[in-house]
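Visitor: Read off the chains here:
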Amino acid sequence: MSSTTTDSQDHATTPARGGVGHFIGKYVFSRDHKIIGIQFLFSTLLWFLIGGLLALGIRWQLAWPWSNMPVIGNLLFSAEGGQISPEFYTTLFTMHATVMIFFVIIPILAGAFGNFLIPLMIGADDMAFPTLNMLSYWFMWPAFILIGMSFFTPPYGAGAGWTSYPPLSAMLGAAPGSESAQTLWLLGVTCVGISSMMGSVNYLTTILQMRAPGMTMFRLPLTIWSMFITAILQAFALPVLTAAGFMQLTDRMLGTGFFLPEGLIVNNSAMASGGGQPLLWQHLFWFYSHPAVYIMILPAMGMVSDIIATFSRKPIFGYKPMVYSISGIAGLGFIVWGHHMFVSGMNPVLGMTFMTATMMIALPSAVKVFNWMGTIWGGKVQFTTPMLFATSFVSMFIIGGLSGIFMAATPVDIFIHDTYFIVAHFHYVLFSGTAMAVFGAIYFWYPKMFGRMMNETAGKLHFFLTFIFLNGTFYPMHILGVVGFPRRLADPYHYETFAQLQPMNQFMSMCAIGMVATQIIFAINIFYSMFRGPKVGRNPWKSNTLEWTAPSPPGHGNFDFQPIVYRGPYEYGSPEVDTDYYLQTQPPPEAESSGDGET
Amino acid sequence: MSRGKKNASWISLLLIVGCLPGCQRKVVDAWSPNSDAARQIRDVVEPGEGSQATAGLAKEPTGFATLRGVVQFNRKPNVPAGPSASGNDAKLCSPDDSALENTFLQVGPNNGLRNVAIWLTKPRRIPEDPKWIHEEYQAKRDAVLTGKDAFDQKKCVFLSPMFAMRSTQKVEILNSDSMLHNTKIEGDPGGGAAGANSGISGGGKVLYEPVGYSNQPFKVSCSIHGWMQSWMLVRPNPFFAVSDLNGGFEVAHLPAGIDMEFRVSHEGKFFGADVTATVDGEPLAIKSGRLTLKNIEPDSVIELKFVLDAKNYE
Amino acid sequence: MLLLVALIAAMSLGCSPPVVEFRPAAGHQLAREAELEAQLGAEQKENIATILDSLFGTPDQPHVPKVAEVDMGQLMNQTAIEMAAGAVAVDEDGRPHGLYRQHCAHCHGITGDGMGPTAEFLNPYPRDYRMGKFKFKSTTTNARPTNDDLHRLLKHGVPGTAMPSFRVLPQNQKDSLVQYVIYLSMRGELERLLIGELLGAGELGIEPPDGVLLNLSDKDTAEFQERSAWVQEKMTTIANSWLQAQSEEVPPPPENWGSAESRQLGRDLFYGTRGGCVKCHGNIALGDGDNTFDLKTPLVDDWTKENWPKGLDAAGLLEREAVGILAERPLRPRNLRQGVYRGGRRPVDLYWRIRYGISGTPMPAAKELKSDEIWYLLDYVRSLPFESISQPHEQLRNLKRERL
Amino acid sequence: MGRFWSLLFLLVPILGVGLFVVAALPNSAPLYGHWFPEDVSRDGFIIDNLFNFILYLTGAIFVATGLLLFWFLWKYDATKNPEPVKFIHGSHTLEIVWSILPAVTLLFIAIYQMDAWAAAKMRRPIISAGADEIEGTSDDQLKPPLVEITGRQFEWRLRYAGADQKIGTPDDVHGVNELHIPVDEDIVVALKSEDVLHSFFLPNLRLKQDIVPGMKQFMWFRATRTGTYDIVCAELCGWGHYKMRGRLVIESREDFDRWLQAERDEQNRVQYSPSETDE
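Protein chains in written order, with my numbering: chain A, 79 to 677; chain B, 4 to 317; chain C, 60 to 463; chain D, 556 to 834.
These are calculated hints, taken from the structure and not from any lab test. All residues carry an ideal CB built from backbone N, CA and C; glycine is no exception. Be a bit skeptical, because a hint or two may be false.
Chain A regions said to be covered by chain D (calculated; three or more residues, Cβ under 8 Å) [stated by the list, open to error]:
#, region
1, 392-401
2, 428-442
3, 458-468
4, 570-579
5, 651-660
Quick partial rundown of chain A residues pointing at chain C, CB under 10 Å, derived from the structure [said to hold, decoys possible]:
#, residue
6, Pro148
7, Gly151
8, Phe155
9, Ala157
10, Glu158
11, Ile162
12, Gly251
13, Asn345
14, Ala348
15, Ser351
Construct the entire structure; sequences and hints are all you get.
Guide: Here it is, written out as structure tokens:
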């Protein structure tokens, strides 16, 4: 620990020579976890924008199929009058999912907030391995560039779906989108994996080794707990995906046959390799990607817990049950991947086991929801923007969680599998859930990042519109799902069964457009407040956790004193003190230092 | 610190924007029509108000003349070896593995060039009328060309590399080889000369009816033996000729007193400025194969002479 | 902020819907230009486009041309063509429009040039209608397909290719699509003639690069009259070639047809010099005959032959690249053991394949064979997927001996 | 302001339930046909009922939690709530209660549905039996497929057994995209893929099965109503995925036999006169 401390201290002083070298050292190739976190934050926000625009492309096609698609259509398909081609539609949804999952949600949670918050919240001066940390950011760039390139190799992005199911993805020329673009896609995703792996190793070490004196594991804020569990998930699940990715690469490039059965005839050419099994990929892929779903929600849950506790001015309800349920979700998360494959042709007996496990995983989630509500109960709720986003997370996560039960019920899943019911479900978990939590977290920790407040009115407006529009966009998807409306169809309305659904889709698309437009308010707010927002002191929200004892923004080394922790993070409204908050570092009134003789 | 992240976002923004130009799909630019001109033309071209303009032939022929000519090189060109047979039939095509006959450039002892086609292009429509078409032609008008007149192939080469016929005639496609050939006739949509593609077993034959004519020679090939390649010319009138091994050709009974345009080509290449042409000793202008003969006397003999520069053919 | 500005800029530049135009037959143009050593001039190009526009209209406002001495009504009618053409939409009384762009254009291209955005990923490439050549039909090698043929294709798709079955489309929609294909095909055929004519290959004696065909300024001259007459004449020829497409009567199969004996007879033909199918379809009918791997003269279809002439230099290559002509692909004879028959598996379909060959490909018409022989042959071909490939035909050994 | 936000969150359960109710009501004007497509199978109702059961259950929880959330926000709004913060860190009994209750319910659902699942995926009909006694396990008894469906980019190729009742012989009847089946019979179909993953989805029979190249899947059902319905491909299979539309024609045994005979004759057609068209 001490070594790494000096390390980061050195580098804090080295670039002080000024000039470009100084700037680069300080802001570009920085090893300061806060800078890295902020770099992550803004890179991912940029991709968030791109992913959103891709989504608009999808919505446009679904609302007004084959009509002239603004911008994209006119740029790429001028000869066809801006009417996109079907394979471009496949790349639209493939890249939308890819960007949102691998470039936005995972890095913004682990990369941005993990980086920024972990050392601050545990009272460390930096990550355990600052250089590794820097690398974990700069390994995102090969990924950015590779996926960026795949956008510009016809047909402008991989088109085999983000799940990249073979044989479609594993054979050159099986689909337009699975030409070279797919290879770039695989490489890109692998780079993301490497980056996340570096991150998670770093987080684990930091959380285990560099906690401030008195910061026992059960005094960790839930954010840190969730980051900790997430890091474990990543560390165990990622290698599988990486391996699978390489197997698919060799299937494509070297003609191996891991996922290719005998005697396929695709695009009128017989495929040489054989002896493989497409289901193998699905197993490997979901063995990572299902835990990944929790990688994408747990940190959000953690941050929401902190925000709700802070603005209810009340201790979190059932701290330990919360921790246990997080771990429970993580544990069960490893044995439920099969519920993505109920109708995939895998042995139906397996289906039953996975179904039971899946049902069980709803339990810890339920516990968390009840605890959040218990936290609000009997508190003094302050309706700040972060609180609004956090609350909406709870209310939306209820929908996302409950709709999951339908899919878990195998017979029902026979019908709703690969329909918009699924789409509704994971958008409620990932957008209405995680994304809303992320917005909340940005509003919440922004003062700590830049030492200025974000504009509260704009924030509330942003929340209100987003909340309305996202429900307008995603809630009707449940109904579509009940009709059996399948995903990934470029033009569903030539099926008699679905023809009547177009007006509904048009409504949803308009909401989607509104939702993306709303984010302009957010973007402006961020950049405006960065320079014009009111300056704040160390603890604008009157919150307990350690980061609020550091100056905002914190300098290198974070703390201008050695923080010593006396109690858990959620002692709001404690009778011991007359303030309604009780900093973890604040010594108890009478000098009996509580336990943990580290002082 | 604000610069830190902006920097990051800049790079990625530039990356995306920088790539944008590269993402235009390759397509031909349309040849944009002049639409109001189009509307006017529509009124003219489309029938309806009976504006059936048949190109009226001003003059009547005053008799018949003869067109005789010769195509020669200025010196003996050195003729490259012909194609070599490949595939399983190679042995049958040339038992001694020698190169096949070069039918693409056949030069006679007097440096004459064979397979030069010359045909009448103007006036376009020659009436079926003895004043225009001499009785002697009538006999063969609807003939079926057989035997030595037929279109034949032997030793995996076409025996008549430049075959000319009338659109009213039919021709037998023979196969004097032992192995199977297939004769793929491109035809010419311009004049409606039919395309055809039929397999012909050794010693077998099929009949080809052109139905329409062709404006210029079109290709004939064999898809089993890729090197086999020859030309065919189908004309709506009898006024055409193909030069023999001495480079000589003759068109008899040419309607006299009419301004006429002929066209000359060899192996699909029109004679151009590099050819010095003379008519009765007088220099004759020739552009992209076209040459015009004016005021032809009845019963006269017009002597054409084409001198080719050998180096253009080596 | 700036990021947003850039975004809005991109929006504004991309917001005006581009005009949809027919694309020129660049492949044909380049081929003829090389062959005739001439170049099309700018006015000439515009003249071609204008004449085509005058007769056929544009992708958004199609026009069924009036043709002398021909009742175009038998081929196509304006309403059906309009149903197929234009942008995808549904009009107030619920009738669909732009069927062609909804179902066909992304492969076959707006112009029917087989160069839609999806085309480059398909094998075989989508059909280019503009030669008027169609492979799977009930008519003689050179003739156009009948309406039935096109309908059958649309209904059953082309097995073994990316052409799917449109069986579930309502009949009137299939009608309009068939008519529109004929429309595009006729347009393409005329375009090719015009290009040839203006390049000086034709009979009017127009010289590139500036001789135009129809010049309104000398509208009343006899020459203009003759030339517009020429255009009419050509339209008549083209239209007639479609109208006169007649599927010939198929003679009934012989008595012993379908028996082991007839299959044996077919087998002999298949391997013998009379049928000679082995030449391309190979000794065990896997589509690997000895001339299919002949790199000097690879098998190609007429479309490839035109787009990628032999001995093309780098410049020509780039030229073709630049106009988006699809990469060259050699042709493979059909593997007859897959039991996949692109033109349909009914005996009559196979009879037509053998009798008339496959237009636009090296597959020749079996003009010599008697109808019975053809029946035997196709009987054997139909049995191929179920025949064991272990014992080669004795004829094969004879063939070998013959060669030595 | 807190009031306003609380009400906003109150909207969630209200509108949420509202939309489902409107959609579920038969022929409710704005959302006509926004509920389950017509069920024409014998077993489809099981899935529908299960879905509805879960819907009611989750609906109840959804409403309850939604209302509670609203009420807490409303009651404990800092600006309106005079009494001090309840300083408690949780309650064991509560935690126990709200862990056990869901656990039991979830387990119940899990077990409750297993039979339906087994019926749909594991109990393939056997030849001798009618509808109700389907305990056949030994393969020889299993009912042979009526038709073999091969998915390929981008169409459904069909293969009915010929006179010899075997699929894969020269006398098979081939078809594309138009699947005919007799009504009121146990139908077994074999599913294969020629190239990539497909998914054979019959919305009106509540059936879906991914088709994996290299594997042969079986699917069985009994249709109870004649008519024409959609066949949907539900697994991304390439650029033409959306094109992969089939037509399911359920008809009486006689019609089916007549149709099959007609197809067989057409397929063996040796005469052709231009007059007759294909439709």
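Visitor: Does each hint fit the structure? Answer for all of them.
Guide: We went through each hint and held it up to the structure:
1. 392-401: holds (count 8)
2. 428-442: Result for this restraint: holds, n = 8.
3. 458-468: Contact hint for the region 458-468 of chain A vs chain D: holds, 5 residues under 8 Å.
4. 570-579: holds (count 7)
5. 651-660: holds (count 4)
6. Pro148: At 5 Å from the nearest chain C Cβ, Pro148 (chain A) passes the 10 Å test, so the hint holds.
7. Gly151: holds, 8 Å
8. Phe155: holds, 6 Å
9. Ala157: holds, 7 Å
10. Glu158: Constraint on Glu158 (chain A) satisfied, holds at 6 Å.
11. Ile162: Since the shortest Cβ distance to chain C is 8 Å, the answer is holds.
12. Gly251: holds, 7 Å
13. Asn345: holds, 5 Å
14. Ala348: OK, holds: Ala348 (chain A) within 10 Å of chain C, min 9 Å.
15. Ser351: violated, 18 Å
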